[in-house]
Amino acid sequence: MNVERHTTRGGHGERAAADRPTRLALLGRADRPTGLALLGRADRPTRLVLLGRAVGAEWVKLWSVRSTWWCLAGAAALLVLGAVTVGAGEATDLARAGAGGARVTASGPVVSAAALVPFALAAMATLVITSEYASRGIWATLQAVPVRGRVLAAKALVVAPVVAVAGVLSGAAATGAVSAVLSADVFGARVALPPARTALDLLRMGLFFALVSVMTVGVGAAVRSAAGTLSVVFMLLMGAPMILLMTGGSAAVEASLRMPLFAGLAFMESADTITGGPMPYPAGEGLAWLVGWTAAALAVGHAVLRRRDA
Amino acid sequence: MISLRGLCKRYGDRTAVEDLSLEVRPGAVTGFLGPNGAGKSTTMRLVLGLDRPTAGTALIGGVPYHRLRNPLRTVGAMLDARALHPGRSGYAHLTALARSNGIARGRVAEVLERVGMAEGARRRAGALSLGMSQRLGIAAALLGDPEVLMFDEPVNGLDPEGVRWVRHLMRSLAGEGRTVFVSSHLMSEMQLTADHLVVIGRGRLIMDAPLAEVIAGSALTAVAVRTPHADELSARLVAAGVTVERLGENELVATGVTIERVGDLAYEAGIRLHELRTREASLEQAYQELTAGSVEYATGEAKA
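If you read the protein sequences in the order shown, they are chains D and X. Just so we're aligned: 295 in full-length UniProt numbering is position 295 of the first sequence, and the numbers increase by one with no gaps anywhere. Just so we're aligned: 72 in full-length UniProt numbering is position 72 of the second sequence, and the numbers increase by one with no gaps anywhere.
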């Protein structure tokens, strides 16, 4: 078909170019696009274009239901309230310890409070996939995009940046709230807002939230019901590590500290002491564990999506 | 064109579809009939790749569904009008579908206009009546201007005017050369809409034939005779192996015989006839006869 088009429309030069593409023919021949011809032809879109369209559809779906707004607003409120509470506690402790005038880094309490927020965001990520099974809207989704991996990737690619941006913005609001509250005389503390540290804290928190949300999408694809998905995510974040910690065995404790929530705290270098001290491994390793858990959840979700009837 | 070859689907030890092979051709409305639980919806789900067949293949224009790059531009389907997020507007639902298949945005308003839903599409889908949902589902099927259309019970919940509209839509889609595959339990509806019938029972193919043939082939298609010599003709017919039912003093109904043969037998015996005509079974009767042995949940006696 392509050859036909060239012989009817094109002259000699064009035909030669079509048969033997030169280095300048970066867009490649229509039937065999080069790396740059990512857009493909209109009737034979490349995989990248197909993924982009699927992402566009998921974007429209995400913002056309109210639950998205509720979950994001809930997460922001939780983060602000949690951060202010933790910050006030920290300032009070410092004052009581006679360290009046010590500085509290405003983003510190925010990072500590971050352990609460994944649940609200997980609820949003859960609904992105489980609401489709509940309403059977998944039939329309899979009719439009029959490649299961593409559907899952599109959902993850929409959820991740939305949650990351929402996390950074909520974190900035919470940091502002902490510094405003602690500036009040009652605490006798002074607030520090080192820009580099604050930015790093907020960015890492956004990434942590994004990874937990994508992990939730993977779990949702495997479990399909909202209640089941939230239970599994809760177990992964809180239940399982708590049980492991309670057993007290050193291997169990080590394992629990590598589960997603604690890995996230390690990655954010949270000063939180739920586990009796900072994580015994560096931030980079925390990120690696977090990415590992997310990838594993996506792999399981993908396997179930492919094998099980919709 | 939809081609099924040896299609099988089992859920655990329950067989939903068993060795189904058929072709649904373009340019015609193919009615897909069967009692409840016969496997109609399952078959459609297999065609759309929503369920994986246990064996066999379902192809659309020679390609399995998941290999279609812009599936909505090739196949439009409405399985269940209520299968969409109740909190999302119909407009947003269609916009998302259009995006996913690279369909121009303007097409959304176009199909909503065509199904008469320009207004209702802004409301939450959960607030729509069943009839409105049905129209929205049909709009989604038409969105990609596809060559193949599949509808599962499209007239469910529609008022008489809506039913007429769907009937007209099916006919015009087939008239445009598209493949139209419609399931229904309303036999009378199919009699008015379909050109071709596929009848299944308990997941198995019972009949795949033009509508006229299904009706003509029914044992219930009979020859009615009015004659002053009913006794004599009855004896002649019975002797020739024909089942005869006596309706009145002068009337007979013969089944399992052609009208020509009845006429010939009467002529040979020198019997005068006052009336000789075929009495066509309705599709309803033909269908009941075809599926009598394959009703999944038969009542009491029939079950034995």
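By construction, these hints were calculated from the structure, which means they are not laboratory data. A few of these clues could be false.
Unchecked claim - Using C-beta positions, here's what the derived DEER-type ranges look like: (1) D:F234 / X:A127: 30 to 36 Å; (2) D:R66 / X:A212: 49 to 55 Å; (3) D:L169 / X:G62: 47 to 53 Å; (4) D:M242 / X:A109: 49 to 55 Å; (5) X:R123 / D:R103: 36 to 42 Å; (6) D:T247 / X:R123: 50 to 56 Å; (7) X:R52 / D:G176: 34 to 40 Å.
We put the CB at the ideal spot given by N, CA and C, even for glycine.
Here is how each hint holds up against the structure:
no., hint, verdict
1, D:F234 / X:A127: 30 to 36 Å, "holds (33 Å)"
2, D:R66 / X:A212: 49 to 55 Å, "holds (53 Å)"
3, D:L169 / X:G62: 47 to 53 Å, "holds (51 Å)"
4, D:M242 / X:A109: 49 to 55 Å, "holds (53 Å)"
5, X:R123 / D:R103: 36 to 42 Å, "violated (55 Å)"
6, D:T247 / X:R123: 50 to 56 Å, "holds (54 Å)"
7, X:R52 / D:G176: 34 to 40 Å, "violated (52 Å)"
When held up to the earlier numbered hints, the structure conflicts with 5, 7 and fits the remainder.
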